[in-house]
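Hey, can you work out the whole structure from these sequences and the hints?
There are 2 protein chains.
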Amino acid sequence: MQLHGFNIIGTEISPGVSTFRAVNPSNSQTLEPAFHEAGAGDVDRAVRLAEDAFAGFRRQSPGRRAAFLNAIASGIEANDAVLQRANEETGLPPERLKMERGRTVGQLRMFAKLIDEGSWVDARIDPADAGRKPFPKPDLRRMLIPIGPVAIFAASNFPLAFSVAGGDAASALAAGCPVVVKSHPGHPGTSEIVAGIIVEAARATGMPAGVFSMLHGRGHEVGMALVKHPLVKAVGFTGSLRGGRALFDAAAARVEPIPVYAEMGSINPVFVLPGALAERGRQIAEGLKASVTMGVGQFCTNPGLVIGIDSEPARQFAGQMAGLMAEAAPGTMLYPGLRDAYVQGAERFAKVPGVKVAAQSRTPADANKTQATPTLYAADVRTYLANHTLREELFGPATLLLTAGSREELEQVAATLDGHLTATIQGTAKDLEEYRGLIALLERKVGRLLFNGFPTGVEVSSAMQHGGPY
Amino acid sequence: MQLHGFNIIGTEISPGVSTFRAVNPSNSQTLEPAFHEAGAGDVDRAVRLAEDAFAGFRRQSPGRRAAFLNAIASGIEANDAVLQRANEETGLPPERLKMERGRTVGQLRMFAKLIDEGSWVDARIDPADAGRKPFPKPDLRRMLIPIGPVAIFAASNFPLAFSVAGGDAASALAAGCPVVVKSHPGHPGTSEIVAGIIVEAARATGMPAGVFSMLHGRGHEVGMALVKHPLVKAVGFTGSLRGGRALFDAAAARVEPIPVYAEMGSINPVFVLPGALAERGRQIAEGLKASVTMGVGQFCTNPGLVIGIDSEPARQFAGQMAGLMAEAAPGTMLYPGLRDAYVQGAERFAKVPGVKVAAQSRTPADANKTQATPTLYAADVRTYLANHTLREELFGPATLLLTAGSREELEQVAATLDGHLTATIQGTAKDLEEYRGLIALLERKVGRLLFNGFPTGVEVSSAMQHGGPY
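Chains A and B supply the protein sequences, listed in that same order.
Residues in the first sequence are numbered consecutively from 1, following the numbering used here.
Residues in the second sequence are numbered consecutively from 1, following the numbering used here.
For the record, the hints were derived by calculation from the structure and aren't laboratory data.
All values reported here derive from a predicted model rather than from experimental measurement.
Any given hint could turn out to be false.
It does not matter which identical chain is meant; a pair holds if it fits inside one copy or across any two.
Stated by the list, open to error - Simulated crosslink set (BS3-like; lysine-lysine; CA at most 30 Å straight-line):
1) Lys430 x Lys445
2) Lys356 x Lys228
3) Lys113 x Lys98
4) Lys137 x Lys98
5) Lys445 x Lys356
6) Lys133 x Lys113
7) Lys98 x Lys369
Now the structure itself:
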């Protein structure tokens with residue numbers, strides 16, 4: 001597979017203002033070719049082309065837009081080079097990437113089916129009544145319509161399913177909105193391959209040029225220019241709270257504010273209630289360890305906080321968690337910058353007075369393989385509440401185990417949580433009855449509440465809520 | 001009816017930090033009693049009480065919440081004192097207020113029916129599949145839940161239907177959200193009467209105290225404090241673009257941003273196409289004159305801009321509009337501040353080089369009766385495009401008639417419009433066929449597009465879109 005490294009603006013390619021290369025995190029080797037960072041002119045051209053394409057694109061019949069999405073799905077399904085390149089750029093294992101490809105294809109086909117079915121437009125028709133008194137009643141019709149060009153920010157941690165042809169792009173294209181993707185610099189080659197598949201699918205199914213563009217960029221400039229462009233009408237974002245919030249603020253401050261659908265950093269607290277701890281503490285510890293270290297902790301639903309009330313079973317549970325985390329192997333993170341952020345975050349955690357490193361992988365991390373060390377921190381609730389650092393996401397294979405002195409302390413942690421994607425309660429039927437107040441608290445803090453599960457793993461289903469406070 | 005003039009915080013009344021009195025705009029007489037402006041402490045108490053009430057209120061069965069709304073509706077329906085006081089405070093005629101009361105009651109009952117029916121929660125259930133490979137599938141359930149205390153800003157121009165027990169309050173209470181209303185200082189007594197009915201309905205139907213509070217205030221302090229209060233979770237607003245945007249900005253800048261559902265200043269442009277002008281120019285002029293002057297122009301959907309392409313029928317139409325507007329009688333505006341703003345806005349319009357006062361009511365306005373003079377302005381498209389003043393809402397019985405030199409100029413006006421609540425097209429079947437591009441443009445600018453109608457008049461129906469860009 002020959003990669004060109006350029007920005008893709010409709011059916012054309014465009015050199016940028018500077019270049020960068022991807023790095024294979026598994027061996028720290030630089031990968032070819034050089035990728036071109038888009039300039040302000042590229043952003044403007046891509047958005048204008050999207051706007052030009054919009055009128056024609058939104059008028060395509062649902063069946064034809066569905067054919068476009070299905071063609072993207074088939075193109076990705078048939079492409080093995082993308083798996084190879086994604087593995088080189090992200091260090092994610094081939095098996096995982098194969099599964100992720102299946103998910104990506106499934107998402108695209110789910111949206112294709114949805115537009116073909118059509119009820120998503122939520123049509124409401126209230127017929128006229130010329131004889132109504134004192135005024136005749138007009139015919140009223142209301143439905144959802146596409147909003148216009150959408151800027152989408154690809155995530156690093158799902159180079160296929162939450163990236164160039166991920167859920168955000170699938171839903172925008174399904175709705176009839178042209179898309180300008182800001183690719184993630186961690187996997188530019190993977191992005192180029194997928195972008196090529198989309199451009200080819202658009203050509204093959206007769207979609208207007210400009211329905212899709214993709215721009216590269218390492219800094220904030222390309223993204224900020226997209227969000228501030230007057231012709232961009234909505235934003236889809238997956239990434240850190242800091243980056244997402246900056247885009248949200250810029251979007252809200254526009255003369256015409258636009259919606260930002262953002263999935264951002266999340267702690268995903270897990271509350272382990274007394275009955276469950278006594279009944280199946282070991283089993284919960286094993287599940288949690290798997291959830292914390294799965295994918296080297298690089299999931300937006302990674303559980304970063306576990307809390308229980310002090311008791312003999314709780315102490316046993318803490319010991320089991322420590323043992324399991326010590327056995328966990330270090331893993332390759334997606335790119336060096338992410339690993340560095342993990343190391344710095346870990347240092348910040350460890351420096352907080354009252355925070356103890358309760359366990360750390362026995363195997364040393366290999367820096368050349370961009371590895372991160374699975375780590376378990378422990379603290380009491382007072383320490384947690386007094387130190388805001390502990391509320392920030394530590395993206396990677398680490399979690400903080402909090403011991404509450406009482407039920408009140410546990411509920412206090414829940415009450416002071418910021419918004420998150422998920423919260424999990426591990427509890428027996430009796431626990432859940434007794435902790436109704438906790439459930440009521442958490443319902444208002446998170447998009448999704450899990451019972452006796454683990455937060456990692458997001459189903460592709462219209463019944464799945466995968467959003468938090470934004 | 002004895003009015004107390006205090007803020008209403010749950011079941012208690014509270015004096016404020018300063019007082020003001022309402023004025024009867026029909027005769028400029030000050031009305032008793034003095035009303036108390038809330039202080040920061042009142043805002044905090046009302047919101048905390050709403051938060052305290054939330055847990056209990058949201059758990060009420062839909063039937064019981066419906067009973068609460070129906071009790072408010074019956075209380076308002078049975079109350080004639082509120083019509084009397086509203087007439088004194090707003091100058092709106094008794095017949096109009098009676099109709100508005102019917103609308104208010106209808107809205108409350110519509111929402112009561114909706115919660116009783118229940119499908120608005122949009123429940124989605126995706127059952128578990130323990131045998132799925134490679135991972136078992138969990139049981140997934142998703143539905144809408146109430147968000148928490150809602151701050152609602154009452155409008156001046158509908159003292160019943162868009163005020164204390166208006167559509168915003170009805171929908172928030174229906175959803176299970178406690179409400180803190182910031183009353184409009186133009187009709188504080190009307191507000192107190194309605195608030196009393198709500199408090200009594202809450203008591204009679206066993207709702208928790210704090211499910212409803214109402215605060216008075218003339219300046220921005222009370223409203224801004226509400227929007228910034230961490231326990232307020234959403235905002236409903238009806239009013240000016242300037243005021244609403246300030247609240248929107250404050251809400252977006254919070255650590256936890258909250259949604260603002262705002263219905264703000266709108267120009268509601270009317271495009272009169274050539275075929276319609278030739279076929280029924282006179283009829284359109286009559287309808288427009290009625291729409292512009294109805295309710296002394298004090299509707300959010302008042303048509304502030306009318307545009308056609310220069311032609312003999314267009315010139316006739318302009319003459320007819322001028323004749324009709326000259327015959328229109330001045331009317332009493334809601335309160336002196338609104339009339340003053342209209343007079344100042346009219347001066348700003350008239351000062352723009354190229355803008356002509358094409359017609360003005362022959363009857364002089366009576367300042368003592370807070371009257372506004374119906375006025376027709378005329379300009380060409382170039383003048384319009386060059387002067388931003390002409391794009392600002394002139395709230396009152398005035399409209400600007402634009403003559404385009406060509407179809408391109410007419411479409412240029414459409415393309416440069418900001419977002420509005422409505423746009424109207426007057427056109428024959430042939431016009432609509434020929435001006436498909438104009439329709440496509442306007443679809444993206446406004447919440448509601450009208451064909452051969454007039455924008456004033458908002459139906460109470462789930463098929464009615466009554467929102468604009470916010």
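Hint compliance check: list the failing hint numbers for this structure, sorted ascending. Those not satisfied come down to hint 2.
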